[in-house]
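Here is how the chains run, residue by residue.
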Amino acid sequence: MKSANLPASPIKTQLIYLLATFVLMLAAGPAMAADGSVAPQGMPWWFWPLALFLTCFLIGIIAVPAGIGGGTLFVPIIGGFFPFHLDFVRGAGLLVALASALAAAPTLLRGGLSSLRLALPLALLASISSIAGALLGLALPASVIQTALGLIVLGIVALMLMSKKSEFPNVEKPDRLSSALGIHGVFTDGASGQSINWHVHRTPVGLVLFLAIGVMAGMFGIGAGWANVPALNLLMGVPLKVSAGTSGLVLSLVDSSAAWVYINRGAVLPMVAVPSVVGMMLGARIGARLLHVLKGSVIRKMVITLLLFAGLRALLKGLGLWV
Amino acid sequence: MKQAPTHTTDTRSDADRYATLLEWGTRVGLFALIVSFAVNLLEWFPPHVPLDVLPQVWGLPAKAFLEQTRTPTGWGWLALAFKEGDMANLIGIAVLAGCSLPPLLALVPFYWRRKDRTYAVMCAAIAMVLVLAASGVLTGGH
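Read top to bottom, the protein sequences are chains A and B. All residue numbers for the first sequence refer to the working numbering, where the first residue is 7 and numbers rise by one. All residue numbers for the second sequence refer to the working numbering, where the first residue is 145 and numbers rise by one.
Check each hint, because a few of them may be wrong.
[As the list claims (entries may be wrong)] Calculated lysine to any residue pairs in the SDA-like style (CA-CA distance at most 25 angstroms, straight line):
1. B:LYS259 x A:ALA186
2. B:LYS259 x A:LEU213
3. B:LYS259 x A:PHE53
The hints are simulated quantities; they were obtained by calculation from the structure and are not laboratory data.
All chains should be built: construct the whole structure from the sequences, respecting the hints.
Listed below in structure tokens is the structure:
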């Protein structure tokens, strides 16, 4: 929905870039095959990056109508079914989540769906903890990360099935910290035309929670929109649309910090990261345009099924039961 | 009937300033990412790890990959970025990962002039975390 509001000219420019890459990949594949380079599994080397690009394109299409970040689907699916090591998948996952958040953040800020005053304190703590999470993730054995990832993904499925969302939560009295920081705003909902003064409560608890969210974002490379939005909306009492918009802004800062750890540790492989980022962004643009055509509830069920399968795959792979 | 825009009002001018700088940074990052990927894919510069060798090493943990391919850590890639295609590709990735820095730094004097010292310090602190992460000092990249 966010992307659908983007002004036309930047979309056109980005689409040109993205289409250029797509054409480049399609053209380069057979050209490279001509030199006879073939991967050990019998596939030419370009098969996997091209398959990655197409998979991310499809993930991008369904992620927008399903209302989740592409990064949440990316790591379990690519980590479970592609031959790349989980270190490179997580590095690419962070870049996928980062690029999506960066592309959406300016529009959300200008449209007033994202609050800087709310995002900055949360991003400060989550950025610091995401570095710790990334370091921890790169230090632990892949099987441990894979198992934990499986559990987290299954937890996300449970959260998607059970969590209730509150469009306009009732905050009786803002807490002292949020009052001191001036975290509040006036939200005008385009759908209803209603203007609502929003405040936040439980800010200290929210800050602690964002420390934990940062660790998970850095450790698993799955972005953290799935955790940010419920924390902002249900815990801190931020209106749902402002929660979703502010979550993107927080992600753009948190994932940057964590991504640098992966870059410095050599865990970002351009041949994995770039097709993923480009495929996902191109798919998300199409997904945003299909919002009115596709039935959100059907897509959501499909994504939940997909996540359930990918989560089980990650868990069983981590436990050595399905290698 | 045209719907009214959905918006929130807190301090719009800081948001606009941040949004403009972030938008340009992202555009430059995406452009650099795609151009450098073309350089890598079309082998305009020979890659550090030959493309046909990649499938034999991309299943290794990052540490083993670095050892086997003798790929530098930290900012070591920058010295090779104008000689080797895959290292050149990291330019685009680095620009994208660093494009939040200019908008954050631009907000520091903005908040400071408005006597909003807490937020000025907060922006400076986030920028510092980003710079430290990028430098490799915190992460042992050097």
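For a C-alpha distance cap of 25 angstroms, please report whether B:LYS259 and A:LEU213 respect it.
holds, 24 angstroms
Does A:PHE53 sit within 25 angstroms of B:LYS259, going by the straight-line distance between their CA atoms?
violated, 56 angstroms
Hint check: B:LYS259 vs A:ALA186, CA-CA at most 25 angstroms. Holds or violated?
holds, 14 angstroms
In this structure, only the earlier hint numbered 3 is contradicted, and the remaining ones agree with it.
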